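Chemist: Here is what each chain is made of, one letter per residue.
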Amino acid sequence: MTGTLVTLALIFAELSLLAFGGGNTILPEMQRQVVDIHHWMTAQEFGALFALAQAAPGPNMMVVPLVGWHVAGFSGVLVTSLAKFGPSSLVTGFALRLWERFKDRPWRRTVQAGLVPVTAGLVTASAIVITHASASNWGTILIAAMVAIATTTSRIHPLLALAAGAVLGLTGIGQP
Amino acid sequence: MDAIPAAQTAKHDAPDVGELFMGFFILGLTGFGGVLPLARHMMVEKRGWLTGAEFTDLLGLCQFLPGGNIINMSVAVGLKFRGIPGAFASILGLIAVPTAVVIGLGVIYGRFADDPVVRHLFGGLAAAAAGLLISTAIKIAWPLRRDVLGLVIGALCVLAIAVFRLPLLPTLLTLAPLSILLRSRQAS
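Line order of the protein sequences matches chains W and A. Numbering-wise, the working numbering puts 103 at position 103 of the first sequence, and it's gapless, one number per residue. Numbering-wise, the working numbering puts 1050 at position 50 of the second sequence, and it's gapless, one number per residue.
Because the hints were derived from the structure by calculation, they are not lab data. Honestly, I wouldn't trust all of these hints.
Said to hold, decoys possible - Stretch-level coverage of chain W by chain A, calculated; a stretch enters the list once three of its residues show a Cβ under 8 Å from a Cβ in chain A:
#, region
1, 1 to 14
2, 28 to 42
3, 50 to 56
4, 74 to 86
5, 120 to 130
6, 162 to 174
Because the structure is a prediction, the values reported are computed rather than measured. Just so you know, even glycine gets a beta-carbon here, dropped at the ideal spot from N, CA and C.
With the hints as extra help, turn the sequences into a complete structure.
Modeler: Okay, structure coming up:
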């Protein structure tokens, strides 16, 4: 158990420091670690946990304590939360001090502009990986496509889209 | 690290540790489907902790750093007003309720996952969550549509992570410096 907790701590501390551009960019790596490498759950289970986290209030990285809970119970929640939110918070604390000083330097804008396509690529990769795990039959593919189109082209509230997806799923149409 | 003085900034007195905790606690409690718009409302309009310009500036910093934007924001705001205790109060306030709720949902899911009705419900929910993520990706990538360089970097990133399933660290260490280097060439 201690070994599992140490592994969880290392994985999520690394993810914490690599999460440039917000939490969604690290989903594929999180899935690769917990599904492919450590076999703590299937890709479908990971997709379900991600969906649960999206349905909960708060920041969009609530999948982190949920994965910790799934793998190692309440100590898993504690370890993954500390590892995920601790290191990036420390970096934020130190960076806050330097921020005022470098605010108007041109290199900061260059770095920011350089990170934009990487962030876009990582979020797109996340969408592909999560969709591949979660939309595995025509019913769920249809739901994913409808939600994607609706939330891209209108200002529908994300929670309403999730609720609609859950209700459509409840009918069992197109699912085995 | 001690608090940075918040002089000439806020409309109201700087929040104390308890106020920071409560402010972010309510944010965590009510922030369904993205906390950021609500965060601005809470900190700028409702409580007057920051001016609009200060909020935008801090958000710029938080987007630039690793970690979730709103998580970093809570740490930065807590630290700004009340130092390390303030940072702890803010981030704990922000994630306390969502963690409890998400674990509760996980318990329910774990108990009823074998029931076909529940399985179908969560199947639909997971597919909808995937659809939301597709939409987020489209919105983030859309401004790059005429930027050939950006599209190539983005596509390499997708290939590496989603197709070849390469580890994130070496991918980032290769593509981020490359992208920044190309931008600096472009700018000069």
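Chemist: Tell me, in ascending order, the numbers of any earlier hints that this structure violates.
Modeler: 1
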